[in-house]
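Construct all of the structure, not just a fragment, from the sequences and the given hints.
There are 2 protein chains.
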Amino acid sequence: MGQVERAGTLVGVGVGPGAPDLLTLRAARAIEGARVLAYPTLAGAPSFARSIAAGFIREGVEEVAIDIPMIPAREPAQAAYDTGALRIAAHLEAGRDVVCLCEGDPMFYGSFMYLQARLAGRFAVEVVPGVTSVSAAAAVAGLPLGAREGRIAVLPATLPDEALAEGLRAHETVALMKLGRHFPRVRTLLDGLGLTGRATYVERATLAGEVVRPLAEAPAEAPYFSLILVTKDADPWL
Amino acid sequence: MGQVERAGTLVGVGVGPGAPDLLTLRAARAIEGARVLAYPTLAGAPSFARSIAAGFIREGVEEVAIDIPMIPAREPAQAAYDTGALRIAAHLEAGRDVVCLCEGDPMFYGSFMYLQARLAGRFAVEVVPGVTSVSAAAAVAGLPLGAREGRIAVLPATLPDEALAEGLRAHETVALMKLGRHFPRVRTLLDGLGLTGRATYVERATLAGEVVRPLAEAPAEAPYFSLILVTKDADPWL
Chain A
681 MGQVERAGTL VGVGVGPGAP DLLTLRAARA IEGARVLAYP TLAGAPSFAR
731 SIAAGFIREG VEEVAIDIPM IPAREPAQAA YDTGALRIAA HLEAGRDVVC
781 LCEGDPMFYG SFMYLQARLA GRFAVEVVPG VTSVSAAAAV AGLPLGAREG
831 RIAVLPATLP DEALAEGLRA HETVALMKLG RHFPRVRTLL DGLGLTGRAT
881 YVERATLAGE VVRPLAEAPA EAPYFSLILV TKDADPWL
Chain B
681 MGQVERAGTL VGVGVGPGAP DLLTLRAARA IEGARVLAYP TLAGAPSFAR
731 SIAAGFIREG VEEVAIDIPM IPAREPAQAA YDTGALRIAA HLEAGRDVVC
781 LCEGDPMFYG SFMYLQARLA GRFAVEVVPG VTSVSAAAAV AGLPLGAREG
831 RIAVLPATLP DEALAEGLRA HETVALMKLG RHFPRVRTLL DGLGLTGRAT
881 YVERATLAGE VVRPLAEAPA EAPYFSLILV TKDADPWL
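Just so you know, the sequences run in chain order A and B.
Numbering of the first sequence is given in our numbering, commencing with residue 681 and proceeding in unit increments.
Numbering of the second sequence is given in our numbering, commencing with residue 681 and proceeding in unit increments.
Hints are computed from structural coordinates only; laboratory data are not their basis.
Ideal Cβ placement from N, Cα and C applies to all residues, glycine included.
It cannot be assumed that every hint is accurate.
Said to hold, decoys possible - What the simulated footprint calls covered on chain B by chain A, stretch by stretch (three residues with Cβ under 8 Å from a Cβ of chain A suffice, anywhere in the stretch; the number is not a length):
no.: 1; region: 697 to 705
no.: 2; region: 798 to 808
no.: 3; region: 812 to 819
no.: 4; region: 823 to 834
no.: 5; region: 843 to 850
Here it is, written out as structure tokens:
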């Protein structure tokens, strides 16, 4: 009993799409007050989530970097989350809260979910929601996501063509995520569906180097932090 | 030339799902610095967006309340936005920025889009994205919205049964918005699809009086600020 009552809380904090002032007040306070911070890194690269939050991180805070290998197989990433969860659990068992930094929103394609799945049964979990990359892209592009009876779909571009085409057919607005190496295929698909003229490419929304342009004028390669917004209904909100 | 250069900017500010500390830092600063605030009210009731932002509103700020009639026909609401846009335009023409408060995110089923559509051609527009009610509901329910190849749909419950059923079939996660008088019909539909056990009801997420419970245990009536999260894949994130 005593041990459970003294255990720390796992706090998943969304740091938003990139601009530090798009953190919520709650997120900023949680990070400023943290004694232990955890965050993912990809194949040893600096953590994007940490870089967004850097201005709120106090000196001397303990940091748990969970390095995720960038290989297609799932097992090595799962092993990395297993190890990361063990390191976090040690802090929680010692009564220390652990603030886990997440790009965007923790529940929206975030790595936090993998930690939550491993720890929620034993420890208290809190989630501070954040601004997603989809909301950020809509804001910088000036494009409504949904109004009235409009349907919105969020689809990873890693899905096969048929699944993407079905989603594009059935929704007024579609956000295509995780473009990466699927970008050329998705462009061909949108062209074939006659939707290129309705598609906007957004890269690094709200960050330095932000790119917002019609898909037809997009660069040949899409980095990880990019997405396509397809808004089929040109005037849905008048 | 001179007039255009001196014109004010229309700033759509998302105030998030309800808790005042879920405003972004950028939103809080925009509101604190505003000389003119605009916001919708529904049929004369107090503005929910204004109540979320109240702690950041300075004394003496000019306020433009745009009252939207609560009737099914679209024309009276359109007329109200027309009038509101004219009142806002007068401030913008006089060189005053106008900060428009929006529940959640301005581009996500927000009334801001109706003002933007009327004013964007003549005035500069900026959008400060916010945390949506969907992210807030996922946070308080501890439910992932999407991971890996998971597809997410956001569907207004005002759509006919067939459209809702198609969306529920094709996506791992569905957020059903705008429940209101459609709530009993949606519950019957989910029951028929065998999805009640996968459905979570969330009301007033992050606010006093928050309700989070399995749909089977939801109250009989759903207020405006409620939604259902259907998460079909029980363990998508391990």
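Taking the hints in turn, this is what the structure says about them:
1. 697 to 705: holds (count 8)
2. 798 to 808: holds (count 5)
3. 812 to 819: Holds: 5 residues of the region 812 to 819 of chain B have a Cβ under 8 Å from chain A.
4. 823 to 834: With 12 residues in contact (Cβ-Cβ under 8 Å with chain A), the coverage given for the region 823 to 834 of chain B holds.
5. 843 to 850: holds (count 4)
Of the numbered hints stated above, none is contradicted by the structure.
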